[in-house]
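Protein chains in written order, with the working numbering: chain Z, 82 to 622; chain R, 12 to 316.
In short, the hints are calculated from the structure, not lab data.
Positions of the beta carbon are idealized from the N, C-alpha and C atoms, including for glycine.
Do not rely on the hints blindly, as some may be mistaken.
Short derived list, chain Z residues pointing at chain R, Cβ under 7 Å [unchecked claim]:
(1) N212
(2) Q458
(3) F461
(4) I598
27 Å max Cα-Cα, derived DSS-like pairs, lysine-lysine [said to hold, decoys possible]:
(5) Z/K207 / Z/K375
(6) Z/K99 / R/K304
(7) Z/K525 / R/K262
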Amino acid sequence: MMTTPGTGRDRAQILAAKKSRQASRIAEAASAGLKVLLVKVLVLGIVDAISVYALFVLLLKQDWLVFSLVLFVTVVVNWIYFRVKGLPAKYLTPGLIFLLIFQIFVIGYSGYIAFTNYGTGHNSTKDDAVNSLILSSQERVPDSPSYALTVLEQAGAYSFLVTDPDGVITVGNPESPLSRVTDAETDAAGQAIALPGYTTLTFADIVANQEAIAALAVPLSDDPNEGSLRTPDGSAAYLYLSDLVYDEAAGTMTNAGTGVVYTEDPSQGSFVAEDGADLQPGWKVEVGLANFAKAFGTDSIRGPLISVTLWTFAFAFLSVATTFALGLFLAIVFNDLRMRGRNVYRVVMILPYAFPAFLSALVWAGMLNPQFGFINQVIFGGADIPWLTNEWLAKFSIIFVNLWLGFPYMFLVCTGALQSIPGELQEAATVDGARPWQVFRLIKLPLLLVSVSPLLIASFAFNFNNFNLIYMLTNGGPRDVTAGVNVGATDILISMVYKVAFVGANRDYGLASAFSILIFVLVALVSIISFRQTKALEELN
Amino acid sequence: MTIAPRIAASPTTDYIPLKHPFNFGRWFRATGWRHLVGAVMVVFSAFPLLYVLSASLHPGGTLITANGLFSEVDLGSFITLFNLPQQPYAAWYGNTLLIGGITSAGTVFLGALAAYSFSRMRFTGRRAGLLMLVLVQMFPQLLAVVAIFLLLNGISDIFPAIGLDTQIGLIMVYLGGALGVNTYLMYGFFNTIPASIDEAAKLDGAGHARIFFTIILRLVAPILAVVGLLSFVGTTNEFVIASIVLITPEKQTLAVGLYQFVSQEFSSNYSVFAAGAVLAALPVMALFLWLQKYIVGGLTAGSVK
């Protein structure tokens with residue numbers, strides 16, 4: 082092999098580097114020790130065992146999308162931990178998996194839900210909606226023959242073992258229609274009384290679970306229009322037929338009694354009659370921008386949405402401003418070495434910060450109670466001041482209680498920041514003839530702002546979503562009765578999302594997610610602006 | 012890590028030597044008014060806590076009897092609290108400690124692993140990863156509460172053991188926030204441990220896992236305590252996600268249970284609620300005051316660094 086001297090030297094160097102890398106890898110592997118290897122294999126074994134179980138369950142459910150996801154993640158995790166290279170990935174993977182599922186994915190999923198009509202009455206797939214519509218309108222066929230019945234149980238779920246008047250034996254449960262069985266045990270009259278693999282319920286069991294058994298409806302076949310068997314007493318079953326007849330090809334639901342035809346409306350996710358009446362429940366469909374149109378286009382929602390947004394900003398800003406002002410003032414007051422007992426004051430003033438915040442809000446709600454609370458009864462001598470029920474007083478109370486909750490944090494932070502400012506600066510300024518106020522205003526405050534401004538931004542971001550305080554102190558009230566959604570004068574955006582999605586009978590996940598998206602956008606805007614601002618502050622330094 | 016030393020504010024010109032005869036006006040201008048401010052703040056800070064303590068010691072008390080501070084001292088409400096037919100307070104308490112404990116241990120562990128790799132290793136995507144951690148902090152999990160609910164609802168259809176109305180499900184959700192909230196704080200602290208320590212250990216033949224578990228983790232113990240405590244307090248206070256995930260009363264946490272208890276019978280059974288609040292606050296406040304100096308250090312480390 083002919084090489085020029087130069088490249089030969091390069092190659093030697095590369096070889097040497099390779100060798101040293103190899104050597105260090107071997108050293109690393111050798112030093113890892115048997116214990117580490119054992120722990121690694123054990124933990125991976127547990128993870129793999131759980132995944133295999135999950136894959137098995139998913140296989141049975143035939144949920145291929147989740148199946149392939151779980152398989153992919155399992156393979157990747159094993160690959161990461163069994164290869165020699167890629168050390169950082171070994172340290173990052175455990176946290177990243179949780180982060181990806183429960184923080185990143187759910188944000189994306191919120192975005193998807195915002196474009197659907199997910200909510201009360203639109204919870205599930207179209208098949209589920211059809212089945213539940215037909216089931217809910219079922220009535221007993223007047224001349225139904227009596228089917229001899231034995232109620233069976235397997236793994237906590239009930240099944241019907243049915244002997245029809247012709248002596249044909251079938252078994253089925255609400256999820257799977259009746260199907261013929263041949264290995265059932267029969268009594269003298271030819272009625273099936275037991276089936277291998279199932280437990281036969283005794284009379285006492287039936288009485289104890291009467292309601293659950295009376296609610297069972299076992300379909301005769303895959304076609305929901307053929308009706309299903311139900312039992313009033315646990316010993317005989319009767320045929321029940323629905324008033325509604327479903328025509329899959331035409332996509333219609335016809336009420337056999339009244340003759341009204343409900344046609345499937347894919348844009349709305351329900352069956353709608355010509356006069357606009359729809360059947361509940363419907364199913365979940367993508368509705369495009371309908372939720373955003375509802376939020377911004379309907380007067381009864383847009384008005385409250387705007388005022389809630391403004392109040393969210395005002396609340397977050399005023400909370401930061403008041404707590405910072407008080408905290409800074411106290412930090413200056415107690416940052417004097419000549420003062421005795423500063424530690425005692427300090428510990429007592431930290432107490433509100435140490436007390437769990439949700440409890441503080443509940444305790445203050447009691448103290449501010451208009452009829453019985455301490456503030457009105459004792460301090461204002463029996464006055465009837467509506468601290469939590471008047472729109473403006475409620476807003477004031479919230480800011481005031483948040484001042485109580487938040488000033489200790491600002492006090493601690495400002496004290497730390499003040500003490501880290503070198504004493505020479507003050508000395509030099511004093512020598513140059515600056516007065517104490519000038520020293521504070523022109524030297525200490527700017528330095529302090531540089532170090533605490535990231536924390537002020539964090540505090541703003543926290544208060545922007547300070548759900549607990551609002552929800553537990555005023556519950557967002559007083560309620561705005563003219564609004565199209567459940568919202569009150571002191572609601573902030575996140576408490577509005579919670580109320581729309583989870584409070585009351587009518588849950589609207591789609592609209593709530595649309596509001597969440599709005600919060601995301603606002604938070605992103607605020608953070609971009611504030612990060613720029615802090616950079617500018619740092620450059621000043 | 013300790014609190015920044017309370018160094019002397021530089022000697023001021025009006026410094027008074029002790030042998031000077033006592034002059035009230037001068038004393039008041041120098042430090043006396045500070046004590047006045049201190050007294051006002053002590054009343055402001057401590058009063059609501061004394062109020063709830065006194066209410067808890069007044070058995071059978073309502074909101075209106077709670078106004079007579081310490082007019083009666085009796086532990087009856089605490090006994091009532093554990094015998095409520097509808098509200099399993101003891102279970103709430105245990106659940107809160109369990110969920111908080113596991114979550115904070117998991118958060119510390121996952122966060123420390125990630126902070127170690129960001130601090131000690133150089134790899135592609137490191138800067139992007141750090142940037143992502145800062146960004147993720149801006150979007151707390153509760154913003155996606157609807158999606159979390161529906162995701163767990165979907166999981167329950169397949170694996171009921173980790174889905175809706177399970178504590179494991181809730182803990183998993185909380186661990187999703189583990190990297191976002193505190194890793195950056197830990198990363199800063201890991202950087203203050205000199206890399207020469209790792210290198211020395213490496214020369215002595217220690218592998219990366221050994222260096223991490225036996226050397227680094229011990230050196231960063233203060234920040235682990237801070238992050239663990241902040242995570243525990245955060246979990247104890249968390250209401251939004253816990254309230255939608257945990258449905259059965261026996262599985263709920265204190266925040267969810269006590270809120271529902273209060274909203275059902277607020278003014279009539281106030282002393283029992285107050286007793287519950289006092290007991291609930293005890294572990295958090297004890298931990299907080301015990302680890303106070305680390306927390307203060309941790310809070311300012313983020314900014315004053």
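The hints, checked one at a time:
1. N212: At 16 Å from the nearest chain R Cβ, Z/N212 fails the 7 Å test, so the hint is violated.
2. Q458: Holds: closest Cβ of chain R sits about 5 Å from Z/Q458, inside 7 Å.
3. F461: violated (12 Å)
4. I598: violated (9 Å)
5. Z/K207 / Z/K375: holds (24 Å)
6. Z/K99 / R/K304: It is violated: about 49 Å lies between the C-alpha atoms, which goes past 27 Å.
7. Z/K525 / R/K262: Given pair Z/K525, R/K262 is violated - Cα atoms ~51 Å apart, limit 27 Å.
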